[in-house]
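Chain by chain, the residues:
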Amino acid sequence: MKLVPLGDRVVLKQLVAEETTKSGIVLPGQSKEKPQQAEVIAVGPGGVVEGKEVKMEVKVGDQVIYSKYAGTEVKLDEDEYIIVKQNDILAVIQ
Amino acid sequence: MKLVPLGDRVVLKQLVAEETTKSGIVLPGQSKEKPQQAEVIAVGPGGVVEGKEVKMEVKVGDQVIYSKYAGTEVKLDEDEYIIVKQNDILAVIQ
Amino acid sequence: MKLVPLGDRVVLKQLVAEETTKSGIVLPGQSKEKPQQAEVIAVGPGGVVEGKEVKMEVKVGDQVIYSKYAGTEVKLDEDEYIIVKQNDILAVIQ
Amino acid sequence: MKLVPLGDRVVLKQLVAEETTKSGIVLPGQSKEKPQQAEVIAVGPGGVVEGKEVKMEVKVGDQVIYSKYAGTEVKLDEDEYIIVKQNDILAVIQ
Amino acid sequence: MKLVPLGDRVVLKQLVAEETTKSGIVLPGQSKEKPQQAEVIAVGPGGVVEGKEVKMEVKVGDQVIYSKYAGTEVKLDEDEYIIVKQNDILAVIQ
Amino acid sequence: MKLVPLGDRVVLKQLVAEETTKSGIVLPGQSKEKPQQAEVIAVGPGGVVEGKEVKMEVKVGDQVIYSKYAGTEVKLDEDEYIIVKQNDILAVIQ
Amino acid sequence: MKLVPLGDRVVLKQLVAEETTKSGIVLPGQSKEKPQQAEVIAVGPGGVVEGKEVKMEVKVGDQVIYSKYAGTEVKLDEDEYIIVKQNDILAVIQ
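Those protein sequence lines, which keep their order, are chains A, B, C, D, E, F and G.
Per numbering that gives the first Met the number 0, numbering of the first sequence is gapless, rising by one per residue and ending at 93.
Per numbering that gives the first Met the number 0, numbering of the second sequence is gapless, rising by one per residue and ending at 93.
Per numbering that gives the first Met the number 0, numbering of the third sequence is gapless, rising by one per residue and ending at 93.
Per numbering that gives the first Met the number 0, numbering of the fourth sequence is gapless, rising by one per residue and ending at 93.
Per numbering that gives the first Met the number 0, numbering of the fifth sequence is gapless, rising by one per residue and ending at 93.
Per numbering that gives the first Met the number 0, numbering of the sixth sequence is gapless, rising by one per residue and ending at 93.
Per numbering that gives the first Met the number 0, numbering of the seventh sequence is gapless, rising by one per residue and ending at 93.
These are calculated hints, taken from the structure and not from any lab test.
Predicted, not measured: the structure shown is a model, and the values here were computed from it.
Every residue gets a Cβ at the ideal spot worked out from N, C-alpha and C, and that includes glycine.
Treat the hints with caution; some may be incorrect.
Claimed, not checked - Label pairs and their computed distance ranges (CB to CB): (1) A:E49 with E:D76: 23 to 31 Å; (2) G:E49 with B:K54: 36 to 44 Å; (3) F:E79 with C:E52: 35 to 43 Å; (4) F:Q93 with G:E52: 33 to 41 Å; (5) F:Q93 with B:K51: 43 to 51 Å; (6) D:V47 with B:K51: 16 to 24 Å.
As the list claims (entries may be wrong) - Far from chain B by the CB rule (all over 12 Å, computed), these chain A residues: (7) L5; (8) K58; (9) S66.
Said to hold, decoys possible - Far from chain E by the CB rule (all over 10 Å, computed), these chain D residues: (10) Q13; (11) Q36; (12) K54; (13) E56; (14) V59; (15) D61; (16) V73; (17) Q93.
Based on the sequences and whatever the hints tell you, model everything.
As structure tokens, this is what we get:
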């Protein structure tokens, strides 16, 4: 089974524990939006979403920083994923 | 009797109990939007909805993950359905 | 006397008691929006409403499921009606 | 003295007491928006209002049902009026 | 010193005391928006305001009813003025 | 060091003490938005801002009344400035 | 590792302590939005973002004043960054 996102949605898999991490990302407690590091698992087709043309800019395998605020957690078989809109992805890590 | 959705609406039938499920989807308690697994029962015609062109991308029989937040529960005869806008469907499960 | 709705509004007449009904629709208590079964009594002309082109898709006599959230109850002579925007109609029952 | 409404505004004069009326309209207590019966006294010119083209569809003398929610009560000389946007008029009574 | 309003703003001077007035306007206590009678002192140039074309329809000397809700009170030298957007002017009194 | 505003932003320098002033502007206590008198120090280039064309209408040296509501106070070296969007400037004083 | 922002996002690095600074910027306590001085580290490609064309106007190395309100703090390796949308940058310091 795999998740095929619709529109401008992206399926992510978290790379790090949510609290803190030694040599990765740290989530400062005073921040309302918790940024998170994740890997892109699947990318929607983009196109016209809510009347606006969206071009997908991330690709499968990208490591990204995203804003958890609008994401939805999903567990399929034994794996957990997060489905976000591409606009909730802040940056790619290179 | 059957439900014929208007515009960009989609009629869904839930596949799993809402709380938890052993080998399907799990709804983490900390998530405000409860994602859910469902089967597509009927699909609206799409077209111009609230001034925006919407192309329907799901089809009858698809298994989907949707965001329950904006859905409306309906019981017709003995069956329960959920009517959502296509934009509330996050991903198709293949 | 009859009600002639403006723009994209539709005049509905409820078919069932609001609480529960044996062989019709049931309104689950946990749902914030109460869906309801109604018959279409009059349909506005559509056209440009709040800057957006709206094409009317329901017709007099249709049985519909609507979202009560934005509707307005009106009593004319001895009859009670609900006036909704077409976008608050979720599906037609066939 | 008379009121000349701007844009898509309409000047109304209430026909019935606000609470209840024997053979007219009844305002159900559970409804947040109180619908009301009124006569159209003056109609604005329409045209582009907040960037959207509005065509006026009611005329002086029409009896209408309106949603009081956004209206403004005005007393000029000894008469009381309500000024609403045309979009707050739900239906014409014929 | 005089006030030259920008965009679709209009400078008004109140004609009546805010509470009540014998032969003018009365502000009903149950109304959230307090309508008020005022004279137009200066009119902005209109044009494109927040991306929308606005044509100014009031002129200096007009007596108007306005919705105080969004207005800003200003005192210049010994005079008090209210600066509103034209859209907050409901009607001209003739 | 000087501040060069982006887009439709304007750098202002307050002319009067915020509380009251004998022969200038007075801020009535009942007003939620506190209008203020200021001098324009720097003007952004305008252009397309959030998808809307903005033409700058104030110039350096103008004395203006602005709505403090959305402004941001900045201290650079020993001077204090306020950065506002041009739309928060209500009128020019001549 | 480096951060490559998407769309109209900009990666910033704070220049000064958040509380006060002798010869730089001071954050007045009464301001809800805390302005901050920062250096631009990376700039997104701009283009169509949420249906609106955005042209990037800041460049790497610029010292800017930004509104912290919508920013997201990120720590990569040992460095802390803030990711903002360009529209949250108020002015460039020259």
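Verification of the hints:
| no. | hint | in the structure |
| --- | --- | --- |
| 1 | A:E49 with E:D76: 23 to 31 Å | 51 Å, violated |
| 2 | G:E49 with B:K54: 36 to 44 Å | 19 Å, violated |
| 3 | F:E79 with C:E52: 35 to 43 Å | 50 Å, violated |
| 4 | F:Q93 with G:E52: 33 to 41 Å | 36 Å, holds |
| 5 | F:Q93 with B:K51: 43 to 51 Å | 45 Å, holds |
| 6 | D:V47 with B:K51: 16 to 24 Å | 21 Å, holds |
| 7 | L5 | 6 Å, violated |
| 8 | K58 | 17 Å, holds |
| 9 | S66 | 15 Å, holds |
| 10 | Q13 | 12 Å, holds |
| 11 | Q36 | 19 Å, holds |
| 12 | K54 | 16 Å, holds |
| 13 | E56 | 19 Å, holds |
| 14 | V59 | 14 Å, holds |
| 15 | D61 | 18 Å, holds |
| 16 | V73 | 5 Å, violated |
| 17 | Q93 | 27 Å, holds |
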